[in-house]
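Given these sequences and hints, build the entire structure.
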Amino acid sequence: NASVRGNPSLLVSEYLPRSIADFRFVASSSSPNETLVIHDQSPTGRYWLLVYANVAGDYSITASREATPGEPLFTETFFEGLVDWVQTTTIGLVTAIVAGSL
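In the working numbering, the protein residues as written are 1 to 102.
Honestly, the hints are just simulated from the structure, not real lab data.
Keep in mind that this is a model prediction, so the values were computed, not measured.
Each statement offered as a hint is correct.
Restraint ranges, calculated between C-beta atoms of paired labels, are given here:
| id | residue 1 | residue 2 | range |
| --- | --- | --- | --- |
| 1 | ARG65 | ALA96 | 38 to 46 Å |
| 2 | ARG18 | SER64 | 24 to 32 Å |
| 3 | LEU93 | VAL37 | 42 to 50 Å |
| 4 | PHE79 | LEU49 | 33 to 41 Å |
| 5 | SER19 | ASP58 | 23 to 31 Å |
| 6 | TYR59 | THR95 | 51 to 59 Å |
| 7 | PHE78 | LEU102 | 20 to 28 Å |
| 8 | GLY92 | GLU66 | 33 to 41 Å |
For every residue, glycine included, the Cβ atom is placed at its ideal position computed from N, Cα and C.
Here you go:
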């Protein structure tokens, strides 16, 4: 029975928490085990994890980091957007003229 083991729930915060209100609920089940996979990078570069359970107990937390290939900064979409901005906006055209005269 998971309630006997505390039924742990996971809450996470991307910013240094000041109280429990700064965490958001991310995982809970009737199982005594929880798994959390975060795909997005935190704006602060850190995550704070809170384990909340119905009863006290010995809980084991394991964290790992997996390197994932990032999307290149200058993709074809970026260049298409840049060309469109230069050709269709006054500020884009002025920027291109100024940059070209340097």
